[in-house]
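Trainee: Chain by chain, the residues:
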Amino acid sequence: MEKKAWKGILLLIAFIVVVLSAGSLFVGHSETFAGFLYGAGGVALFMLFAKLMTLIQREGKQDD
Amino acid sequence: MIDLSSVPNIPPGFIFIFGAAVLPLFGKGKIRQVYLIILTALGLISVAVMREPQTSWVFSNLIFLQVDRLSLLMGYIFAIAGGSAIIYSLATVKDNGHHICALLYLGSAMGAVFAGDFFSLYIFWEIMAFSSLGLIWYEGSRRARDAGMRYILFHLFGGCALLGGIIFHYMSTGSTAIGPVEYGIGYWLLLLGIGVNVAFIPLHTWLPDSYPKATIAGTIFLSIFTTKTGIYMLARTFSGAELPIHGQEYLFIAYMGGAMCLYGVIFAILQNDVRKLLSYHIVSQLGYMVAGVGMGAIGLGLIATEAQHLAIDGAFAHLFNNLLFKSTLFMCMGAVIYRTGYNNLTDMGGLAKKMPITMITCVIAALSISGIIGFNGYISKGMVIHAAEMHELHLLVLILTLGSVGTLISFIKLTYFAFFTKNDEIEAKEAPIFMLIPMCVTAILCIAIGVHPEFLYNILPYVGATAHYHAFEVGHTFSVLQLVLMTVFLFFMIGFFAPHEKVTYDVDYLYRKAGRAFIWSIEKPLVGFATAVEKQVLRLADYIVKFSQNPRRETRLSIGAGVLFVILFFVLYLIIMLYAGWLSP
Numbered sequence: 010m011e012k013k014a015w016k017g018i019l020l021l022i023a024f025i026v027v028v029l030s031a032g033s034l035f036v037g038h039s040e041t042f043a044g045f046l047y048g049a050g051g052v053a054l055f056m057l058f059a060k061l062m063t064l065i066q067r068e069g070k071q072d073d
Numbered sequence: 002m003i004d005l006s007s008v009p010n011i012p013p014g015f016i017f018i019f020g021a022a023v024l025p026l027f028g029k030g031k032i033r034q035v036y037l038i039i040l041t042a043l044g045l046i047s048v049a050v051m052r053e054p055q056t057s058w059v060f061s062n063l064i065f066l067q068v069d070r071l072s073l074l075m076g077y078i079f080a081i082a083g084g085s086a087i088i089y090s091l092a093t094v095k096d097n098g099h100h101i102c103a104l105l106y107l108g109s110a111m112g113a114v115f116a117g118d119f120f121s122l123y124i125f126w127e128i129m130a131f132s133s134l135g136l137i138w139y140e141g142s143r144r145a146r147d148a149g150m151r152y153i154l155f156h157l158f159g160g161c162a163l164l165g166g167i168i169f170h171y172m173s174t175g176s177t178a179i180g181p182v183e184y185g186i187g188y189w190l191l192l193l194g195i196g197v198n199v200a201f202i203p204l205h206t207w208l209p210d211s212y213p214k215a216t217i218a219g220t221i222f223l224s225i226f227t228t229k230t231g232i233y234m235l236a237r238t239f240s241g242a243e244l245p246i247h248g249q250e251y252l253f254i255a256y257m258g259g260a261m262c263l264y265g266v267i268f269a270i271l272q273n274d275v276r277k278l279l280s281y282h283i284v285s286q287l288g289y290m291v292a293g294v295g296m297g298a299i300g301l302g303l304i305a306t307e308a309q310h311l312a313i314d315g316a317f318a319h320l321f322n323n324l325l326f327k328s329t330l331f332m333c334m335g336a337v338i339y340r341t342g343y344n345n346l347t348d349m350g351g352l353a354k355k356m357p358i359t360m361i362t363c364v365i366a367a368l369s370i371s372g373i374i375g376f377n378g379y380i381s382k383g384m385v386i387h388a389a390e391m392h393e394l395h396l397l398v399l400i401l402t403l404g405s406v407g408t409l410i411s412f413i414k415l416t417y418f419a420f421f422t423k424n425d426e427i428e429a430k431e432a433p434i435f436m437l438i439p440m441c442v443t444a445i446l447c448i449a450i451g452v453h454p455e456f457l458y459n460i461l462p463y464v465g466a467t468a469h470y471h472a473f474e475v476g477h478t479f480s481v482l483q484l485v486l487m488t489v490f491l492f493f494m495i496g497f498f499a500p501h502e503k504v505t506y507d508v509d510y511l512y513r514k515a516g517r518a519f520i521w522s523i524e525k526p527l528v529g530f531a532t533a534v535e536k537q538v539l540r541l542a543d544y545i546v547k548f549s550q551n552p553r554r555e556t557r558l559s560i561g562a563g564v565l566f567v568i569l570f571f572v573l574y575l576i577i578m579l580y581a582g583w584l585s586p
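Going down the list, the protein sequences come from chains A and B.
Letter by letter, the first sequence follows residues 10 to 73 of the working numbering.
Letter by letter, the second sequence follows residues 2 to 586 of the working numbering.
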């Protein structure tokens, strides 16, 4: 199988894990699998922040 | 056997300050190296033999040695981390001046920690600011000089606020003893002064601005003392401080910690310069400590709860651990810069095989700061987050947990792009032995404390507080493992966080704009006005002189000078009226 297909399958599995984790937290009120949700939520949050921060970034070397 | 209890303790700060004074006598060769190693050992011994509690070296109102469990803990970690930095600097530092600045900095930080009153604290606080400035300026470049100027401006501002706060506190209480401060103007000034050193948002910009521009060894010293002394003082004076807003009281120091944690990590992720990335992580990691201090209670005269004790213990456990893994990270990146000449992640890569020991120690420190199970960061971060859970501060728990995710992302980025990506062009060899020894020692301590946290628990301010905290509880461990697995997986799958050459503006952009506008307003309109006034005054004086020589000839007076003449008389009249009290109702 192609590399892209593998990547897609793995991301799909991760998505299912996150959905199940969210379900167990918000529906089942169990924190047993909340770590997956925090991890995925954190990555998504920092991606969002990084995108927002491009508004105050400019090209060039990091200097003064 | 020598009975050490009969030997009077010497303040460790004095050992290093005296050591700095006599350093030039040892030249620049091997003897100097031996001297510095002996001095490091002496400093460590002086802390190890310290008895607590004790108050000695008292001169009038100044107390230079006040020892309790908290100051002793700080003494230990400053001696270990400072000693490591001294040994590391033997490989790179040639100038005696640089060593003197470093020793003065270490000595004054020790002095501040063991000071028993606000005025001796202030003396050491200012010595710290100026000696650390030397470590930035010794880099020699223009950007280091400019960053140093901004650094010292910030610290002078903080120092003035601190002094003002001390004076107000003394005026209202009549005491200079270090302890909780009464609410009032002195409270806010002290908070501002300490807040500069602790890098409260938005007073933090001096840190990521100056640390990456200091010398390689200088950055390691800088990363150890200033901010941690600030945390120590914050705990002594503002632990559990609350801010009344609309009738409700908020643990504002604790939430400031949360803001620092998230803010620092957001900016760290965007950095390409490795030392700037680490500098933003200082702000972020300080956030955990500030949050812990904000939830805790020291010397408030109240019966503190178990959660408050755990919060303080967590804050100082994280301070202790942070000094170990953060100094290791700075040492590793310093070694990489020393060997390659590159500062940016985009220029690095392929160093794992060329610098294997540096790589291993860096990975250990990265795992520690990311809070991975089995490393020391896991223990202390868990303590702070657990204390927040006990306080039922759910928002703070969420922020601190997300901060851990951001930290993990940053350090996967740092280690992966510095050591493991392919780069055939880079030329480097393993770091010198004087760099490797302290790196290995601190990295081993990161694992040792991570595996056996009891060693750390025993030296924390509240011994019993950790009795109900179980770091390796199955549920907690399993949750952290899930978080780590998901973050690592998504980091590599999405590939979003690769480094690139971009400048990210921080709030110092606004300070610099405001600063330039201020200087322009002085140079242009104000100086222009002053010149015009001066010109008119001179004309008026000239007229008066000529008029007094021959009143009949000099009868003409320009309109401007005439108006000025009238204004001057009016001002004089007002001053006399005011002085005589005729204006008062």
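A portion of the hints provided could be inaccurate.
[To be verified] Derived DSBU-like pairs: lysine-lysine, alpha-carbon spacing no greater than 35 Å straight-line:
#1 B:K354 / A:K13
#2 A:K13 / B:K355
#3 B:K503 / B:K547
#4 B:K547 / A:K16
[Said to hold, decoys possible] Derived coverage of chain B by chain A (criterion: at least 3 residues anywhere in the stretch with Cβ under 8 Å from a Cβ of chain A; other residues may be distant):
#5 163-169
#6 351-362
#7 468-482
#8 495-507
Hints were generated in silico from the structure; no laboratory data involved.
These numbers come from a predicted model, not from an experiment.
Every residue gets a Cβ at the ideal spot worked out from N, C-alpha and C, and that includes glycine.
Trainee: Now, for every hint given, state plainly whether the structure supports it.
Mentor: We went through each hint and held it up to the structure:
1. For the hint pairing B:K354 with A:K13, the CA-to-CA distance comes to about 29 Å; that is within 35 Å, so the pair holds.
2. A C-alpha spacing of about 32 Å is found between A:K13 and B:K355, which places the hinted pair at or below 35 Å, so the restraint holds.
3. Straight-line distance between C-alpha atoms of B:K503 and B:K547 comes to about 66 Å, which puts the hinted pair past the 35 Å bound.
4. The suggested pairing of B:K547 with A:K16 is violated, with an alpha-carbon distance near 94 Å, which exceeds 35 Å.
5. Counting residues of the stretch 163-169 of chain B whose CB lies closer than 8 Å to any CB of chain A gives 0, so the stated coverage by that chain is violated, three being the minimum.
6. Counting residues of the stretch 351-362 of chain B whose beta carbon lies closer than 8 Å to any beta carbon of chain A gives 0, which falls below the threshold of three, so the coverage claim is violated.
7. Counting residues of the stretch 468-482 of chain B whose CB lies closer than 8 Å to any CB of chain A gives 5, so the stated coverage by that chain holds, three being the minimum.
8. A count of 8 residues in the stretch 495-507 of chain B with a Cβ less than 8 Å from any Cβ of chain A is obtained; the coverage claim is therefore met, three being the minimum.
Of the numbered hints listed earlier, those contradicted by the structure are 3, 4, 5 and 6.
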